[in-house]
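Top to bottom, those sequences are chains E and P. According to the numbering used here, numbering within the first sequence proceeds without interruption in unit steps and concludes at 149. According to the numbering used here, numbering within the second sequence proceeds without interruption in unit steps and concludes at 179.
Don't take each hint at face value.
To be verified - Only some residues are given here: those of chain P computed to face chain E with a beta carbon under 10 angstroms:
no., residue
1, ARG105
2, ASN129
3, PHE130
4, ALA134
5, SER144
6, LEU146
7, ALA149
8, ARG157
What the hints assert, rightly or not - With a Cα cut of at most 20 angstroms, we get these calculated SDA-like pairs of lysine to any residue:
no., chain 1, residue 1, chain 2, residue 2
9, E, LYS58, P, LEU109
10, E, LYS58, P, ILE108
11, P, LYS117, E, LYS58
Keep in mind that the hints were calculated from the coordinates and are not lab data. Cβ atoms here follow ideal geometry from the backbone N, Cα and C, with glycine treated the same way.
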Amino acid sequence: DAGVIQSPRHEVTEMGQEVTLRCKPISGHDYLFWYRQTMMRGLELLIYFNNNVPIDDSGMPEDRFSAKMPNASFSTLKIQPSEPRDSAVYFCASSLTTVSTDTQYFGPGTRLTVL
Amino acid sequence: AQTVTQSQPEMSVQEAETVTLSCTYDTSESDYYLFWYKQPPSRQMILVIRQEAYKQQNATENRFSVNFQKAAKSFSLKISDSQLGDAAMYFCAYRSPHNNAGNMLTFGGGTRLMVKP
């Protein structure tokens, strides 16, 4: 399996622009998570989906952030408009819930820089 | 709410030596899961080891092992025969078993491990 795939790996944009981050979870996994990592706040869970349905988006910082999962193999995290304080590494992770295992597998992350 | 604390912001170890990274957590649940993740300079989060709270036996993965002390709510990671490639940030994480918490992980603040040649 290729693991969790994220694109782009690096994104540099200007303040006010729309940014879309993409994630392909591991095939067959039923949970998908979006995290943000910064030096100041560490790792924060933004939102997670179960079977393509958003379950908890309480970590989404504000209305400028939105996430979708149109099908089991694709999710997007969109920031519109972007601001310099959104600069961070954004991780996508997926997991399969069974009786015996639920480990989250992380993608390589997208490093976002907003100028 | 659960909290995870890693009290060592940085640790250093000589190559081939053994190092132990500390993690404590706070929970009122009796059953849960604990994890150690490694984050090298590439920034990718890599699962190192996993422990189920109902298991008394400490988990082991090659050179990595844990010391799980349930009563003390302690979950330390021991790295034996340290290698240069072990240099990374290490995160301890907690997961509740309850369905209404989904598979949410609560992370500690991380420990930066440096390995000296």
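For which of the previously enumerated hints does the structure constitute a violation, in increasing order of number?
As far as the earlier hints go, 2, 3, 4, 5, 6, 7 and 11 are violated by this structure, in ascending order.
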